[in-house]
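K.L.:
Mind docking chain H on chain L? Use the hints.
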Amino acid sequence: AQSVTQLGSHVSVSEGALVLLRCNYSSSVPPYLFWYVQYPNQGLQLLLKYTSAATLVKGINGFEAEFKKSETSFHLTKPSAHMSDAAEYFCAVSAGNNDMRFGAGTRLTVKP
Amino acid sequence: GAGVSQTPSNKVTEKGKYVELRCDPISGHTALYWYRQSLGQGPEFLIYFQGTGAADDSGLPNDRFFAVRPEGSVSTLKIQRTERGDSAVYLCASSPERGGLETQYFGPGTRLLVL
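Going down the list, the sequences are from chains L and H. All letters in the first sequence, in the order written, are residues 68 to 179 by the working numbering. All letters in the second sequence, in the order written, are residues 330 to 444 by the working numbering.
Extracted from the complex, chain L is given alone in its bound form:
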């Protein structure tokens, strides 16, 4: 079975500061990993996904994530936060089938 743990239910950064959202996974098979963003009253939108190609994955809106097998991590980063990045972020893992498991989410607040 697969699962993910997102460390920190709330993260607050200043505009222009580094964004780091942590995700650790557990999987009995090589995982596929995803980051989704959810803006208020909107559906989840895919930011990026890791599917066993390059370990550093670049996504939309300047976000990227690095797959580290030795640390079982897939942390999401962005060099410079923007006010529009304020949202809920979800990490998810799949074994390559329909069974995608989500973390509890991290709410990102960006202070001016």
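Among the hints, erroneous ones may be present.
Facing chain L, a subset of chain H residues (Cβ under 8 angstroms, in silico) [said to hold, decoys possible]: (1) P372; (2) F374; (3) G438.
Bear in mind the hints are in silico, worked out from the structure with no lab data behind them. Glycine included, each C-beta is placed from N, C-alpha and C at the ideal position.
P.N.:
Only chain H this time, still in chain L's reference frame:
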């Protein structure tokens, strides 16, 4: 093109009532998923359709929950004898083929409140 749509956007019902939640996937997407998102939690898998058939319904919490997709497009999630614990946002997603590598496109959800 149009994304995944869900109706109604909000539903308030009384304990014990029956509700139906509708999902219109992206045209041509063969895979459809239902998730439930409780307050402060990530989406929890309920059921997955490949075409008209439920390929995996292992996430349905009990037999009060049922979902159909009779023509391989629109899907309806049905909840009988609703309980207050069923209150959550119910999310629908679709993808071109089966999940895993394929991106799932999510609808805005139906917020269900059981009084």
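K.L.:
None of the hints should be skipped; say for each whether it holds.
P.N.:
Against the structure, the hints come out as follows:
1. The interface hint given for P372 of chain H holds, since its Cβ lies 5 angstroms from the closest Cβ of chain L, which is under the 8 angstroms cut-off.
2. A least Cβ separation of about 6 angstroms between F374 of chain H and chain L falls short of the 8 angstroms threshold, and the interface hint therefore holds.
3. The beta carbon of G438 of chain H comes within 7 angstroms of a beta carbon in chain L, closer than 8 angstroms, and the hint placing it at the interface holds.
Taken one by one, the earlier hints all hold for this structure without exception.
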